[in-house]
Amino acid sequence: MTATKATSRKPTDANGLVFRPSARLQRYLGREMISDPNLAVIEFVKNAYDAGASRVDLRFVLTEEPSRLVIADDGVGMSFASFAENWMQPGFSAKSDEAPERIKRRRAPDNESGRRMASRLPVGEKGLGRLAAGRLGAKMDVYTRSAASQPWLHVYLAWDMFDDMTKHMDEIVIPYEYVTDIPEPTLDGKGTVVTVTDLALDWSGKMVGRPAVGRSRTRLGRLREDLNLLLRPMVQPKIDFTVRLDSDAIADEEDPRGEITPSTAIETAPYRYEFDVRVNEDGVATVERTLRRSAAIARQFRKPKIQEVTGGAIEAIARSEERPSTLRSGPFKGIFLYSPPPARHRARAVDVVGHGVLLYRDGVLVEPYGLGENDWVGVEARKASRQGHALIQPDTLWGEVHISRATNPLLRDMANRQGLLDDETSEEFLSHIRAEFSVFEGVVGPELEQRWIQEEDRVSSAARDQLRAVTLRTKTFAHHLRQPLFGIGGELIRLRRLANDKAIPPVQRDRLKEITARLIQFQQRAEGLVNRYAKSPSFDYEKVFVRKLLRDVRAQTTDLASLNGTRVSLDIRNDRALLIPREFVEDALAELVINAIEAPRPEGRKPSVTLIADKRGAEIVIQVIDNGGGLEGVPPQTSLGEVSVAPTKDRPADGLVQVWDIVTFARGRAEIVSTSESGTLIEVRFPYQALRLRKSSHRSGR
Amino acid sequence: MASALLIDDDRELVETIRSNAAEEGLDLDVATSWDEGLALFQTRAPDLVIADYRLPGSRHGLRLLLAVKQLRPAIRVVLISGEVNPEELAKVEELGIVDRVMSKGSAIETMESLLDEIKDANSKHLQPTDWPQVAQSLVERLKLDQKKVDELDDRMKANVDKKDR
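Chains A and B are the protein sequences, given in the same order.
In terms of numbering that gives the first Met the number 0, the first sequence opens at residue 0 and continues consecutively.
In terms of numbering that gives the first Met the number 0, the second sequence opens at residue 0 and continues consecutively.
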C-alpha cells in the first residue's frame with residue numbers, strides 16, 4: 000500500500016503556472032528550518048504534547064547496529080486520514096487556527112488523550128517539524144493508532160528517496176501497512192511510536208568546544224537541558240506532561256537519565272522579582288510586582304524577605320519608567336532571578352539549566368528567547384551602555400516570561416520559529432519586558448553594588464595574599480640564582496682573558512672572543528631577569544599616568560627587545576591617571592611585553608610589539624599586541640586566569656596567570672582578546688571609576 | 000705575606016676569584032669561613048679584606064667587619080653581597096663601617112672591580128706605611144656609632160633570614 004499516489008501533473012495549468020517542487024525540497028526544508036538536531040528531537044516532543052499525550056519517552060539505542068532513537072507517546076494517535084493530512088502535506092497544519100473547520104472538529108477523539116488534547120493549545124502549528132526527522136537519521140518508521148483495539152498504521156520513510164532532484168515531491172511513493180504488533184515498547188498500547196534509524200550523530204559523544212558555564216558538555220546532557228527548558232518552567236502554568244530521556248550509552252556517568260526534573264534555581268536565587276501585567280475588569284492595564292530576597296540576603300541588608308514593589312496602572316507609570324502606555328500585546332507575567340552562576344565544576348550538580356530569561360507560551364518554550372546569545376531583555380545592551388559596569392551581568396540573570404495563545408493572540412511566531420513576528424505589538428511587548436528589567440535592577444541595584452564591592456574586596460585580598468607568597472618565593476629563588484651567576488661572570492672574565500692570549504693562534508682566538516662575547520650577553524640577560532625578580536615590588540597604591548607607566552614598562556624591557564631585534568612601540572591615545580599598585584602593575588605589564596617579545600614567530604617575520612592605551616567608558620584599556628605565532632588552543636576572550644588550563648606554544652602560562660593575579664589585585668581585568676597565527680592581542684583594563692569609589696579603602700600592606 | 004684576603008663560604012666562587020687574581024699575577028689569600036679568615040687576618044696582616052655579608056661561624060656580618068676595622072683602622076674593607084637590598088647597602092656605606100659595598104647583581108662589573116681592588120692592595124702593600132692615613136682612620140673609627148651599627152645589622156640579618164624561611 001502507499002500513502003500517496005504518484006501523479007503526472009505538469010508545471011502549467013489551463014489558467015497559468017503551478018509550482019511543482021522537486022523531491023529535494025523536502026530535504027532542504029528539513030535541514031534549513033531546523034538547524035539544531037536537538038530542535039529536531041524537540042519537534043517530536045511538541046507533536047506528542049499537541050496529540051494530548053501525558054507522557055513521551057525518548058529512548059536512544061546506541062549500542063546496537065544500526066543505532067536508533069525511539070520516541071513513544073500515549074497521545075491520540077493518528078488515523079490514516081489524519082496522517083495523510085498532517086504528515087503528508089508539508090506546511091499544512093491541522094493545529095493551525097487557519098485550518099478548515101471540518102479538520103479542526105476532527106481533532107479531539109472522545110477519550111482521555113482527546114480531552115487533554117482539546118484542553119491544550121497546540122505548540123506547533125507550521126506543519127514543518129516532522130521534516131526535521133531527516134536530520135536525525137537515514138530512516139524513519141511511524142507506528143500510530145488511536146486505541147488498543149485497532150491495528151497500528153505503519154508508515155516507512157527512507158529519506159534518501161527525496162535526494163533525486165529529477166523527481167517531484169508528489170512522485171515519491173511512501174509505503175504503508177497495517178500491523179498488529181510493533182517492534183518497540185509502547186505506552187498504554189496506543190498513541191504514536193516513531194523510530195529513527197541509522198542516526199546521523201553519535202549521541203553518546205561530547206559537544207565540540209567549551210560549554211558555557213552551567214551547560215552540559217555532552218550531547219545527551221545538552222538535549223536534556225533543552226527539554227528541561229522547553230517544558231519545565233520554574234513558575235506556572237504547570238502542565239500535565241512528562242518527558243523521559245534514556246540511553247543505553249552515555250558519554251559521562253553524571254549525565255542524568257530518566258524523567259526531566261524542574262530547575263532548582265528558583266529556590267536558591269538571592270533575588271527573585273515577580274511581575275504580573277494584567278488587564279482588570281475595567282479594561283485598565285496594571286502591573287503588580289514583588290521582590291523576594293533569600294533569607295541570607297534579607298539578613299545581610301536588614302530588608303524584608305518579601306517586598307511589594309510599587310506598580311500601578313501602566314498608563315500612569317509609562318512616562319517615569321520609559322515604557323509604552325498601551326498593552327496591545329496582552330497580559331503577561333514573569334520572574335527574574337538574580338543568581339550568579341555556580342563555579343564551573345559545580346555547575347551541573349547545582350542545576351542543568353543555563354542563564355537567560357526564557358519566553359514560554361502556554362508553558363512551552365518559545366525559541367530563541369533567552370537561549371544562546373539571544374539578549375531580548377537587553378541585559379548585554381545595558382551593560383554596553385554603562386561601559387561594562389552594569390550591576391546585573393548577562394550571566395547572572397535567569398528567569399522566564401509567560402504569555403498565552405489565548406490572551407496574547409497578536410504575539411505570533413515567525414514562520415521559521417526563530418522568534419516572534421517583528422511588528423508593533425511584539426515591539427511593545429519587548430519594551431514592557433525591558434522596563435520590568437529596569438525596575439528590577441533599580442530595586443536590587445544598591446544592594447548588589449554593596450555585595451559586589453565586598454566580593455571584589457574578598458577576591459582582591461585573596462589575590463594579594465597569593466601575590467605576597469609568590470613574590471617571596473620568586474625573590475628568594477632569584478637571590479639563590481645570583482651566586483652561581485656571579486661565579487659564571489668570574490669565569491667569563493677568565494675566558495675573555497684567554498681569548499686575548501697571544502699564545503693561541505689568531506683564528507681560534509677570534510672564535511673564542513666571539514663565543515665569549517655571546518656568553519657574556521646571555522649571562523647579562525639572565526642576570527637582568529634575576530635582578531628584576533629579586534626586588535620586592537611595593538603593595539602601595541599610587542597615582543600614575545598611563546603614559547609614564549607604559550614608558551617605564553618599555554624601559555624595563557628595552558634590553559631584551561634590542562637583543563631580539565624587536566621594535567616596541569607606544570600609542571597613547573588617552574593619557575589618564577590610574578590609582579594602582581604601580582610597581583606590581585608595571586611588573587605585570589612588563590611580563591606581558593616580555594612574553595610578546597619572546598613569542599615564537601614564523602621565519603622572516605620582523606618582530607614587533609605595540610602597546611596601546613585608550614579610554615573606553617570608565618575604563619583605561621591597555622592593549623599588548625604582538626605579531627607572534629599565537630597561543631595554541633586558547634580561545635578568544637579567555638581570561639588570563641584561565642590560561643594555565645590551556646596548552647601554550649613554547650610560552651609558559653604561569654607568568655600570564657601571575658599577571659592575572661596582579662591585575663585582579665589591582666581591581667582590573669586581563670584577557671586574551673584574540674590569538675591566531677598572525678599575532679596575539681591581550682587587553683588589561685582598569686576600571687578607574689570603581690577605584691575612585693574605593694580609594695579610601697586602600698592602604699599599603701592592608 | 001699576601002696583601003688581600005677574600006672570605007666567602009662559596010668554595011667554587013672563591014676558586015674563581017682566586018684563579019682570576021692569579022692569572023693577573025696578584026696575591027690573594029682565601030678563606031671559606033669567618034674563623035679561617037680571622038686566623039689569616041691576624042697572621043697575614045692584609046691591607047684589604049673582601050668579605051661576604053653572611054659567613055659561617057660568624058655573628059652578624061656588620062659587627063664582624065667592625066671588629067676588623069677596630070683591630071686595624073687603616074685596613075680597607077669591601078663588603079660583597081647578593082642578598083642585601085640596595086637601600087641597606089647604601090646605609091652601610093654611610094655608616095663608614097666598610098670602605099666599599101658591592102652587589103653580586105652585576106657579576107662582570109663587580110668581578111672587575113674586585114680585581115682592581117686586589118691590584119690596588121697589591122701595589123699598596125709594596126709601599127711604606129702611610130701613617131697620616133692610619134691616624135685619620137683611627138679618628139674615623141672613634142666616630143662610629145656602635146648602636147647604629149647593631150641596629151642596622153639586626154635589621155639586615157632579619158631580612159636575610161626571612162628569605163631563607
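Since the hints were derived computationally from the structure, they do not count as laboratory data.
A couple of the hints might just be wrong.
Claimed, not checked - Here are some chain A residues the structure puts well away from chain B; computed CB gaps all over 12 Å:
hint, residue
1, 138
2, 150
3, 301
4, 433
5, 478
6, 479
7, 482
8, 490
9, 492
10, 496
11, 500
12, 527
13, 544
Claimed, not checked - Which residues of chain B face chain A? A partial, calculated answer using Cβ under 7 Å:
hint, residue
14, 13
15, 19
16, 22
17, 24
18, 25
19, 26
20, 76
21, 81
22, 88
23, 92
24, 103
25, 112
26, 131
Claimed, not checked - If you want a taste of the chain B side facing chain A, the calculated C-beta under 8 Å gives, among others:
hint, residue
27, 8
28, 11
29, 12
30, 16
31, 34
32, 38
33, 105
34, 106
35, 107
36, 110
37, 132
Just so it is clear, the structure is predicted and the values come from calculations on it, not from any experiment.
Every residue, glycine too, gets a C-beta built ideally from N, C-alpha and C.
Results for each hint:
Every CB of chain B lies more than 12 Å from the CB of residue 138 of chain A, the least distance being 72 Å, so the non-interface label holds. The claim that residue 150 of chain A is not at the interface with chain B holds, since no C-beta of that chain comes within 12 Å of its own (minimum 86 Å). Once the 12 Å rule is applied to beta carbons, residue 301 of chain A is consistent with being away from chain B; the minimum gap is 45 Å. Every Cβ of chain B is farther than 12 Å from the Cβ of residue 433 of chain A; the closest lies at roughly 57 Å, confirming the non-interface assignment.
At the 12 Å boundary, the C-beta of residue 478 of chain A falls inside the reach of chain B, the nearest C-beta of that chain being 5 Å off. Not every Cβ of chain B is farther than 12 Å from the Cβ of residue 479 of chain A; the closest lies at roughly 9 Å, contradicting the non-interface assignment. The claim that residue 482 of chain A lies off the interface is violated: its Cβ sits roughly 6 Å from the closest Cβ of chain B, which falls inside the 12 Å cut-off. The Cβ of residue 490 of chain A sits about 6 Å from the closest Cβ of chain B, inside the 12 Å cut-off, so the non-interface label is violated.
The beta carbon of residue 492 of chain A is not kept farther than 12 Å from every beta carbon of chain B, the shortest such distance being approximately 5 Å. The non-interface label for residue 496 of chain A is inconsistent with chain B: the shortest C-beta to C-beta separation is roughly 6 Å, within 12 Å. With a closest Cβ-Cβ approach of about 10 Å to chain B, residue 500 of chain A is found to fall inside the 12 Å limit, against its non-interface label. The Cβ of residue 527 of chain A does not lie farther than 12 Å from every Cβ of chain B; its closest approach is about 9 Å, which violates its non-interface assignment.
For residue 544 of chain A, the shortest C-beta to C-beta distance to chain B comes to about 26 Å, beyond the 12 Å cut-off, and the non-interface label holds. A cut of 7 Å between beta carbons decides the hint on residue 13 of chain B: the least distance to chain A is about 10 Å, and the hint is violated. Look at residue 19 of chain B: its Cβ gets to within about 6 Å of chain A, closer than 7 Å, so that hint holds up. The beta carbon of residue 22 of chain B comes within 6 Å of a beta carbon in chain A, closer than 7 Å, and the hint placing it at the interface holds.
For residue 24 of chain B, the suggested interface contact is broken, since its CB lies about 12 Å from the closest CB of chain A, more than 7 Å. Because the smallest distance between the Cβ of residue 25 of chain B and any Cβ of chain A comes to about 13 Å, over 7 Å, the interface hint for this residue is violated. At about 18 Å, the closest approach between the beta carbon of residue 26 of chain B and any beta carbon in chain A exceeds 7 Å, and the interface hint on this residue is violated. For residue 76 of chain B, the suggested interface contact is broken, since its CB lies about 19 Å from the closest CB of chain A, more than 7 Å.
Taking 7 Å as the C-beta cut-off, the interface hint given for residue 81 of chain B holds, the closest approach to chain A being about 4 Å. Interface restraint check for residue 88 of chain B: the shortest CB-CB distance to chain A comes to about 13 Å, outside 7 Å, so the restraint is violated. A distance limit of 7 Å between C-beta atoms decides the matter here; for residue 92 of chain B the minimum to chain A is near 19 Å, and the interface restraint is violated. Interface hint status for residue 103 of chain B: upheld, as the beta-carbon distance to the closest one in chain A is roughly 4 Å, under 7 Å.
For residue 112 of chain B, the interface hint is violated, the least distance from its beta-carbon to any beta-carbon of chain A being 11 Å, above 7 Å. Of the supplied interface hints, the one on residue 131 of chain B is violated, with its beta-carbon coming no nearer than about 35 Å to a beta-carbon of chain A, more than 7 Å. Evaluation of the residue 8 of chain B hint against chain A yields a violated restraint, the C-beta minimum of about 10 Å exceeding 8 Å. For residue 11 of chain B, the shortest C-beta to C-beta distance to chain A is roughly 6 Å, which falls under 8 Å, so the interface hint holds.
A cut of 8 Å between beta carbons decides the hint on residue 12 of chain B: the least distance to chain A is about 5 Å, and the hint holds. For residue 16 of chain B, the suggested interface contact is upheld, since its CB lies about 6 Å from the closest CB of chain A, less than 8 Å. Of the supplied interface hints, the one on residue 34 of chain B is violated, with its beta-carbon coming no nearer than about 21 Å to a beta-carbon of chain A, more than 8 Å. Contact between residue 38 of chain B and chain A, as hinted, is not supported at the beta carbon level, the nearest pair being about 25 Å apart and thus beyond 8 Å.
The closest approach between the C-beta of residue 105 of chain B and any C-beta of chain A is roughly 7 Å, which is under the 8 Å cut-off, so the hint is satisfied. Checking residue 106 of chain B against chain A: minimum C-beta separation of about 2 Å stays under 8 Å; hint holds. Residue-level restraint check for residue 107 of chain B holds (minimum Cβ-Cβ distance to chain A is 5 Å; threshold 8 Å). The interface hint given for residue 110 of chain B holds, since its Cβ lies 5 Å from the closest Cβ of chain A, which is under the 8 Å cut-off.
Given hint, residue 132 of chain B at the interface with chain A, is violated; its Cβ is 30 Å from that chain's nearest Cβ, farther than 8 Å.
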